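The lines below spell out each chain.
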Amino acid sequence: MLTVLVDGVASGMLLFVLACGLSVTLGLMNFVNLAHGAFGMAGGYLCVVLLNQHGVPFIPAVAAAALFAAALGFVLERTLYRQLYGRDHLDQVLFSIGLVFVMSAVVDWLMGARQQLITLPAWLQGRWDFGFMTVGVYRAFLIAVCGAIVLALHLGLVRTRFGARLRAAVDDAVVARGLGIPVTRIFGVTFALGSGLAGLGGALGVEVLGLDPTFPLKFMVYFLIVVAVGGANTIVGPFLAALLLGVVDVAGKYYVPQVGAFVIYTAMVVLLLVKPHGLLARGAAR
Amino acid sequence: MSAALRFALQALFWGGWAGAYFALPEYLPLLAQIAIIALFVLSLDLLVGYAGFVTLGHAAFFGLGAYAAGILAQQGWGEPISGLLFGAAVAALVGLLTAPLVLRGGDLTGLMVTLGIAMMLFEAANRMAWLTGGADGLQGVEMWEIFGVWRFDLFGRTAFVYSLTVLFLLYLLARLIVSSPFGLALRGIKGNRRRMEALGTPVRARLVAVYTLSAAYAGIAGALLAQTTQFVSLDVLDFHRSADALLMLVLGGMGSLYGAMLGAIVFMVAHHALSELTPQFWQFWIGIALIALAIAGRGGMLGLAGRLLARWGGR
Chain A
1 MLTVLVDGVA SGMLLFVLAC GLSVTLGLMN FVNLAHGAFG MAGGYLCVVL LNQHGVPFIP
61 AVAAAALFAA ALGFVLERTL YRQLYGRDHL DQVLFSIGLV FVMSAVVDWL MGARQQLITL
121 PAWLQGRWDF GFMTVGVYRA FLIAVCGAIV LALHLGLVRT RFGARLRAAV DDAVVARGLG
181 IPVTRIFGVT FALGSGLAGL GGALGVEVLG LDPTFPLKFM VYFLIVVAVG GANTIVGPFL
241 AALLLGVVDV AGKYYVPQVG AFVIYTAMVV LLLVKPHGLL ARGAAR
Chain B
1 MSAALRFALQ ALFWGGWAGA YFALPEYLPL LAQIAIIALF VLSLDLLVGY AGFVTLGHAA
61 FFGLGAYAAG ILAQQGWGEP ISGLLFGAAV AALVGLLTAP LVLRGGDLTG LMVTLGIAMM
121 LFEAANRMAW LTGGADGLQG VEMWEIFGVW RFDLFGRTAF VYSLTVLFLL YLLARLIVSS
181 PFGLALRGIK GNRRRMEALG TPVRARLVAV YTLSAAYAGI AGALLAQTTQ FVSLDVLDFH
241 RSADALLMLV LGGMGSLYGA MLGAIVFMVA HHALSELTPQ FWQFWIGIAL IALAIAGRGG
301 MLGLAGRLLA RWGGR
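Taken in order, these protein sequences are the chains called A and B.
Numbering-wise, our numbering puts 29 at position 29 of the first sequence, and it's gapless, one number per residue.
Numbering-wise, our numbering puts 277 at position 277 of the second sequence, and it's gapless, one number per residue.
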């Protein structure tokens, strides 16, 4: 029981790290980016290649994955994404589905369609036994790392100058621009940061969520749930949503495996209907 | 474009189908599939192209129609026409029931709810193997003769003529609908929803109606596929089907019935021609096409042809 809870929390935190970039693009910039998972996939694959083919240690490989995804996100934002800001949702949907198809095809061509496996370093393997429950070391590591990221993001958004400018740009882009805040550049940097976090999540998640060329489509719904249910104004909302989702998902797979992913989709539809603007929405609809 | 030219082009379009029957007898199963997909894209056009409502889960209704017709035939009632109507009715009913959910909340919420509902149906069909055959597909679908006369043959002759006839009749109906006051109201809603509300159009009711209508059309397309191939696989509910249909629609030209059908034809022919190459290759170019179409703007092939004709005529 507690073991399931811990596993759920770990995968929920992972989902948050993967999805929080999307909460900026979708929730704040109002851009329907269905390709967000592709950045996670890119990071995951880079990590796998570095680990298995070049013998790079785990931590540097994960860091490289995050940097790579951030760079990829930055380049694509500069070249392609920005052309579609402010266009209607259909264009954005088509564009981002196209991007998913292209990236999945490239990955499939380079790496094959099979599931990728990695060997964790020895110090992350095994389980701790507390008598009343056992906890996988890697799960605990995930919770610690992702927890630190959540805290850093929250403080960064609330305490720093960049965070204040981002919040201003999001609340009212026109006024923020009028005040001399470089809205375009802030969005660009934020997009790269979100992509980098997705890459980090993808790399950390190879062991937990799996990794194959269908990754972006398979988890697209999960990311959308996190954002839609969590709302976009805070870090806390999506974080709670991701935790809830992780626990429900793991518990569902553990206790009622015959129902499978059905629980998740139902939960998403119901939550969207009950709370169309997010769990902690301030009520202001846009 | 003059009325005579317009008529000639339309005659050419439908004549081309008839000509294909005699010219390409070995491709009849593929041609039947193309007609079916054209009908599916037509149904999407009613919703996306005319009413401006973007959906990511239209495959839900295609799949519902396919499973409804397939299961009906498997259970021992193989009469095709009533099977089609049954498929349409099931899809329309689910459309009518889910329309209030989908139309609640904003644009974005609707997008995600359609996606969620399609995913739910996919999972449900996957899990309810006792009814749908699950991942193995629905087997044992046996169809009777159409009107008790035409048997579904091995070469796909009946399947092709049947699918094409249904496509043609439903095209005529769609043409009637989009030029009716109802269709004009839909275009108005797409153009400016608030203004239509101010004019006194019951916007919500119109959207519910077109959502249900589009669902019924998609259901018939699915039912046709189930009947002509006498098999239903989980693939009918796949997300790829919804995405591909959107691509075909944008490729051909939204908000035009011929655009929808042309997009489906070009897509399916290209898919067939390139399927000898690796599937990744195909997916890659589909992705590139989507990105290019999204950035370069819409209008599709028909829009392009229209612009060329306008220039040509202006000279």
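Be careful, since some hints might not be right.
Each pair of labels, with its calculated beta carbon distance range [claimed, not checked]:
hint : chain 1 : residue 1 : chain 2 : residue 2 : range
1    : B       : Ser82     : A       : Thr119    : 25 to 33 Å
2    : A       : Arg114    : B       : Leu274    : 17 to 25 Å
3    : A       : Arg167    : B       : Gly306    : 53 to 61 Å
4    : A       : Arg78     : B       : Ala129    : 31 to 39 Å
5    : A       : Arg78     : B       : Leu274    : 29 to 37 Å
6    : A       : Ala63     : B       : Leu173    : 41 to 49 Å
7    : A       : Gln115    : B       : Ala11     : 14 to 22 Å
8    : B       : Leu103    : A       : Gly86     : 18 to 26 Å
9    : A       : Arg167    : B       : Leu85     : 33 to 41 Å
Sample of chain A residues with no beta-carbon within 12 Å of chain B, all distances over it, derived [claimed, not checked]:
hint : residue
10   : Arg87
11   : Ser96
12   : Gly98
13   : Val100
14   : Val106
15   : Trp128
16   : Phe130
17   : Ala140
18   : Leu157
19   : Arg167
20   : Leu224
21   : Ala228
22   : Ala261
Short, incomplete list of chain A residues facing chain B, as computed with Cβ under 10 Å [stated by the list, open to error]:
hint : residue
23   : Val48
24   : Val49
25   : Asn52
26   : Gln53
27   : Val56
28   : Ile59
29   : Val75
30   : Glu77
31   : Leu94
32   : Phe95
33   : Phe101
34   : Ile186
35   : Phe262
Keep in mind the hints are simulated off the structure, nothing from the lab.
All figures in this text were calculated on a predicted structure; none of them were measured in a lab.
We put the beta carbon where it would ideally sit given N, CA and C, even for glycine.
Do the hints match the structure? See the list:
1. Taken as a hint, the range 25 to 33 Å is violated for the pair Ser82/B and Thr119/A, whose Cβ atoms sit roughly 59 Å apart.
2. At about 24 Å, the beta-carbon gap between Arg114/A and Leu274/B stays in the expected band of 17 to 25 Å.
3. Taken as a hint, the range 53 to 61 Å is violated for the pair Arg167/A and Gly306/B, whose Cβ atoms sit roughly 46 Å apart.
4. For Arg78/A and Ala129/B, the Cβ-Cβ distance of about 48 Å falls outside the hinted range of 31 to 39 Å, so the restraint is violated.
5. Separation of Arg78/A from Leu274/B is about 31 Å and conforms to the stated range, judged on CB atoms against 29 to 37 Å.
6. In this structure the hint that Ala63/A and Leu173/B lie 41 to 49 Å apart at CB is violated, the actual value being about 60 Å.
7. Separated by about 53 Å at the C-beta atoms, Gln115/A and Ala11/B break the suggested range of 14 to 22 Å.
8. For Leu103/B and Gly86/A, the Cβ-Cβ distance of about 24 Å falls inside the hinted range of 18 to 26 Å, so the restraint holds.
9. Look at Arg167/A against Leu85/B: about 55 Å separates their beta carbons, and that is not inside 33 to 41 Å.
10. The claim that Arg87/A is not at the interface with chain B is violated, since a C-beta of that chain comes within 12 Å of its own (minimum 8 Å).
11. Its beta-carbon lying about 8 Å from the closest one in chain B, Ser96/A breaks the requirement of being farther than 12 Å from that chain.
12. For Gly98/A, the requirement that its beta carbon stay farther than 12 Å from each beta carbon of chain B is not met, with the minimum near 3 Å.
13. The Cβ of Val100/A does not lie farther than 12 Å from every Cβ of chain B; its closest approach is about 7 Å, which violates its non-interface assignment.
14. With a least CB separation of 7 Å from chain B, Val106/A falls inside the 12 Å interface cut-off, contrary to its annotation.
15. Listed as a non-interface residue, Trp128/A keeps its Cβ farther than 12 Å from every Cβ of chain B; the least gap is roughly 35 Å.
16. Against chain B, the non-interface label of Phe130/A holds: every CB pair exceeds 12 Å, the least being about 36 Å.
17. Once the 12 Å rule is applied to beta carbons, Ala140/A is consistent with being away from chain B; the minimum gap is 31 Å.
18. For Leu157/A, the shortest C-beta to C-beta distance to chain B comes to about 22 Å, beyond the 12 Å cut-off, and the non-interface label holds.
19. No Cβ of chain B approaches the Cβ of Arg167/A within 12 Å, the least distance being about 20 Å, so the stated non-interface status holds.
20. Not every CB of chain B is more than 12 Å from the CB of Leu224/A (nearest about 5 Å), against its label as outside the interface.
21. For Ala228/A, the non-interface assignment is contradicted: its Cβ lies about 6 Å from the closest Cβ of chain B, within the 12 Å cut-off.
22. Listed as outside the interface, Ala261/A is inconsistent with that label: its C-beta sits roughly 5 Å from the nearest C-beta of chain B, within the 12 Å cut-off.
23. A least Cβ separation of about 18 Å between Val48/A and chain B goes past the 10 Å threshold, and the interface hint is therefore violated.
24. Taking 10 Å as the C-beta cut-off, the interface hint given for Val49/A is violated, the closest approach to chain B being about 18 Å.
25. Contact between Asn52/A and chain B, as hinted, is not supported at the beta carbon level, the nearest pair being about 21 Å apart and thus beyond 10 Å.
26. Here the hint on Gln53/A is broken, as its CB sits about 21 Å from the closest CB of chain B, past 10 Å.
27. Interface hint at Val56/A: violated, since its Cβ lies 27 Å from the closest Cβ of chain B, which is beyond the 10 Å cut-off.
28. Hint on Ile59/A is violated. Least Cβ distance to chain B is approximately 32 Å, over the 10 Å limit.
29. Annotation: interface hint on Val75/A violated; nearest CB of chain B at approximately 14 Å, more than 10 Å.
30. The closest approach between the C-beta of Glu77/A and any C-beta of chain B is roughly 14 Å, which is over the 10 Å cut-off, so the hint fails.
31. Given hint, Leu94/A at the interface with chain B, holds; its Cβ is 4 Å from that chain's nearest Cβ, closer than 10 Å.
32. Given the 10 Å rule on beta carbons, the hint for Phe95/A holds: about 4 Å separates it from the nearest Cβ of chain B.
33. Hint status for Phe101/A relative to chain B: holds, with the closest Cβ pair at about 3 Å, below 10 Å.
34. Nearest Cβ of chain B to the Cβ of Ile186/A: about 22 Å, over the 10 Å cut. The hint is violated.
35. Because the beta carbon of Phe262/A sits about 4 Å from the nearest beta carbon in chain B, less than 10 Å, this interface hint is met.
Hints 1, 3, 4, 6, 7, 9, 10, 11, 12, 13, 14, 20, 21, 22, 23, 24, 25, 26, 27, 28, 29, 30 and 34 from the list above are not met by this structure, while the remaining hints are.
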